[in-house]
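*Asks:* In order, the protein sequence lines correspond to chains B and X. Counting in the working numbering, the first sequence runs from 1 upward without gaps. Counting in the working numbering, the second sequence runs from 1 upward without gaps.
Possibly wrong hints are sitting among the right ones.
[Said to hold, decoys possible] List of simulated lysine-lysine pairs, DSS-like, C-alpha gap at most 25 Å:
id	chain 1	residue 1	chain 2	residue 2
1	B	Lys417	B	Lys136
2	B	Lys417	B	Lys62
3	B	Lys404	B	Lys136
4	X	Lys54	B	Lys265
5	X	Lys17	X	Lys2
6	B	Lys246	X	Lys48
7	X	Lys2	B	Lys538
8	X	Lys2	B	Lys465
9	B	Lys502	B	Lys436
10	X	Lys19	B	Lys136
11	X	Lys48	B	Lys253
12	B	Lys34	B	Lys344
13	B	Lys265	B	Lys253
14	B	Lys403	B	Lys538
15	B	Lys246	X	Lys54
16	X	Lys54	B	Lys253
17	B	Lys404	B	Lys417
18	B	Lys404	X	Lys2
19	X	Lys2	X	Lys14
20	B	Lys344	B	Lys246
21	B	Lys136	B	Lys465
22	B	Lys403	B	Lys136
23	B	Lys265	X	Lys48
24	X	Lys19	B	Lys538
25	B	Lys465	X	Lys14
26	B	Lys136	B	Lys538
27	X	Lys2	B	Lys136
28	B	Lys62	B	Lys136
29	X	Lys17	B	Lys465
30	B	Lys465	X	Lys19
31	B	Lys436	B	Lys34
The hints are simulated quantities; they were obtained by calculation from the structure and are not laboratory data.
Read off the chains here:
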Amino acid sequence: MMTQTTRNTLALVVGLAAAGAALAAGADLGQTSKQATNWVAIGMFGAFVALTLFITKWAAAKTRSAADFYTAGGGITGFQNGLAIAGDYMSAASFLGISGLVFASGFDGLIFSIGWLVGWPVITFLMAERLRNLGKFTFADVAAYRFSQTPIRSFAATGSLVVVAFYMIAQMVGAGQLIKVLFGLEYQYAVVIVGVLMMMYVLFGGMTATTWVQIIKAVMLLCGATFMAIAVLYQFNFNPEALFAKAVEVHAKHDLIMAPGGLIKDPISAISVGLALMFGTAGLPHILMRFFTVPSAAEARKSVGWATTWIGYFYILTFIIGFGAIVMLTQDPASYYVDGDIAKGLKGGGNMAAVHLANAVGGNVFLGFISAVAFATILAVVAGLTLSGASAVSHDLYATVFKKGNADSAAELRVSKITTICLGILAVILGILFEKENVAYMVMLAFAIACSANFPVLFMSVLWKDCTTRGAVAGGTVGLLMSVGLTVLSPAVWEAVLLNEKGSAPFPYSSPALFSMSAAFFVIWLVSILDRSAQASKERAAFLAQQVRSETGIGASTASAH
Amino acid sequence: MKDDVAARIAANPKYQKLKSTRAGFSIVMTILMMVVYYGYILLIAFNKEWLGTKLGEGMTTSVGIPLGLGVIAFTIIITNIYVRRANTEFDALNAEVVREEGRK
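Hey, can you work out the whole structure from these sequences and the hints?
*Replies:* Quick look at the structure:
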């Protein structure tokens with residue numbers, strides 16, 4: 001086990017250097033080694049499951065129509081939705097990954113947390129109210145508002161499902177790796193537990209249950225992280241300078257942790273990753289879907305206001321937690337490091353900094369709490385992803401493309417539930433298939449696709465009068481293919497997964513977003529202006545009505561409109 | 001929404017005011033956010049040394065840390081400023097447009 005952990009730590013360091021952004025960004029927790037069974041953590045997780053299943057039972061009674069299933073009947077408040085969005089976003093990867101990155105290289109961790117946050121204001125300023133005013137159940141409702149339904153829905157559903165698939169694989173593999181370290185259970189258990197529980201939440205409780213699972217988890221995570229940060233600062237009389245001074249003294253890299261390191265190598269990668277994070281958030285189907293759960297545009301704005309506040313606060317906490325781990329874990333190497341040797345790295349790998357710190361500041365019970373929260377986080381995110389995948393299939397493909405809008409609510413609901421079961425089974429199979437694979441690039445890829453395929457189509461269809469169906473589908477498809485293609489040719493896949501020689505990747509940058517997103521916008525523009533069809537002029541003529549509704553909310557679908 | 005209704009609302013001066021004020025405000029806010037974020041990223045790409053400079057004689061904290069935390073704080077503040085203005089001033093204007101439309 002020792003050699004394996006050392007190898008893992010090494011792999012982590014190599015991965016950091018090679019994949020850069022991808023690793024810290026991803027839900028990938030690397031290969032981990034199984035630890036002793038932690039009954040306290042399992043018990044705490046059991047309590048969380050009991051509570052969430054109880055809520056699911058309550059939610060099931062309220063989930064009757066398709067609207068209840070997709071959007072909780074539009075009855076979530078802005079504050080609640082803000083917490084749920086924050087919950088969707090504060091994944092296990094951002095909690096363990098960013099605090100682990102701060103633990104390993106200090107300042108660099110901060111760069112990523114900022115990248116993850118800055119997409120939110122942009123969504124608020126440009127998209128939130130328009131999404132709420134135009135949409136009903138899925139983001140395709142918005143993109144397809146004045147367009148020819150079949151092509152644009154098929155495209156949007158594909159975009160959603162591809163993003164969901166990559167995001168989901170990363171989460172499932174992360175869950176499997178985490179359960180080995182946190183609970184001391186086998187990888188396969190995690191995959192099956194997540195698959196089964198997630199299906200129960202979504203199947204029986206729909207959006208109501210998924211939202212409340214997310215809210216509970218977000219509150220637990222925020223409370224746990226706040227406690228840890230306060231415990232760390234308390235040791236230094238709430239003087240950050242003293243914390244940093246001590247960290248620099250004990251960290252192997254000393255003063256280097258106070259300055260940017262090697263994570264941002266070239267400006268093009270930096271900007272490209274920045275774009276993927278900033279605009280990818282505005283193209284994630286499970287995030288966009290949340291804008292339809294609130295009753296009005298005002299509540300939609302409040303949701304993002306709260307979400308941004310909680311996420312930003314959380315990232316500040318992870319920064320303190322990472323530095324706290326540097327100081328406090330080195331005081332007791334025997335408990336936290338492999339063979340008690342700091343040079344050999346943390347037990348369970350570099351992403352375990354926050355988990356070990358939980359033990360250091362709060363003992364075994366708090367360790368159990370944080371472990372349970374970390375695992376619950378993955379579960380909640382997977383439930384949200386499944387729900388958005390199921391709505392893409394039932395609402396966009398089945399009801400609109402296949403049934404041409406003539407499906408009744410009961411049939412649509414049945415298709416959602418069948419899809420949920422299929423996605424659940426698929427998630428378990430993929431989780432098991434990808435156990436030994438390097439999935440570090442997958443979340444970054446999901447963001448790249450979201451910002452190159454979904455976002456440009458959404459943005460142009462809502463804001464640009466001359467955009468047409470042909471333009472949107474052509475541009476979105478180019479963005480989708482290009483973001484996947486360039487990612488395969490980038491170091492994160494070409495070298496780290498396909499094991500080609502280092503430095504041989506044909507596409508040398510950390511993210512394709514700068515190129516694929518620009519290409520998508522360009523093609524949407526070009527094909528749209530060249531589109532002289534009768535359908536195109538009808539679509540342009542319909543823009544005014546769309547714009548008036550998107551600005552004023554007159555005619556917007558309301559909580560009771562189902 | 002019927003096209004004639006849309007055209008009527010679009011011709012309402014209050015609607016036009018709402019649309020242009022809000023669009024102007026969101027564009028300015030978006031640009032501000034982009035400048036702050038990409039400014040920070042480009043600083044990291046081009047001037048790592050300066051970010052590593054100490055805040056003061058004998059201190060450990062470097063310039064980059066308050067700056068980075070400042071970007072997080074800025075993001076939170078700018079988002080909430082927009083939400084507040086949109087939910088009060090713009091929504092009041094919006095309500096007038098909706099009310100006037102309701103009378104027609």
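*Asks:* Please verify whether Lys17 (chain X) and Lys2 (chain X) have alpha carbons no more than 25 Å apart.
*Replies:* holds (22 Å)
*Asks:* Are the Cα positions of Lys417 (chain B) and Lys62 (chain B) separated by 25 Å at most?
*Replies:* holds (16 Å)
*Asks:* Just to be careful, I want the Cα atoms of Lys54 (chain X) and Lys265 (chain B) compared with a cutoff of 25 Å; is the pair within it?
*Replies:* holds (22 Å)
*Asks:* Please work out if Lys465 (chain B) and Lys14 (chain X) have their alpha carbons no farther apart than 25 Å.
*Replies:* Holds - the C-alpha atoms of Lys14 (chain X) and Lys465 (chain B) are around 21 Å apart, at most 25 Å.
*Asks:* Taking only the CA atoms, is the gap from Lys404 (chain B) to Lys2 (chain X) under or equal to 25 Å?
*Replies:* With a Cα-Cα distance of about 22 Å, the restraint between Lys404 (chain B) and Lys2 (chain X) holds, given a limit of 25 Å.
*Asks:* Lys403 (chain B) and Lys136 (chain B): Cα distance at most 25 Å?
*Replies:* Satisfied, since the Cα-Cα distance of roughly 18 Å is no more than 25 Å.
*Asks:* What's the verdict on Lys265 (chain B) and Lys48 (chain X), does the C-alpha distance respect the 25 Å limit or exceed it?
*Replies:* Cα-Cα ~11 Å, so holds.
*Asks:* Taking only the CA atoms, is the gap from Lys403 (chain B) to Lys538 (chain B) under or equal to 25 Å?
*Replies:* holds (23 Å)
*Asks:* Does Lys19 (chain X) sit within 25 Å of Lys465 (chain B), going by the straight-line distance between their CA atoms?
*Replies:* holds (15 Å)
*Asks:* Would you check the hint for Lys417 (chain B) and Lys136 (chain B), treating anything up to 25 Å between C-alpha atoms as holding?
*Replies:* holds (19 Å)
*Asks:* CA of Lys2 (chain X) to CA of Lys538 (chain B), is that 25 Å or under?
*Replies:* holds (14 Å)
*Asks:* For the pair supplied as a hint, Lys34 (chain B) and Lys344 (chain B), confirm whether the alpha-carbon distance does not exceed 25 Å.
*Replies:* Roughly 17 Å between the alpha carbons, so the hint for Lys34 (chain B) and Lys344 (chain B) holds.
The earlier numbered hints are all upheld by this structure, with none contradicted.
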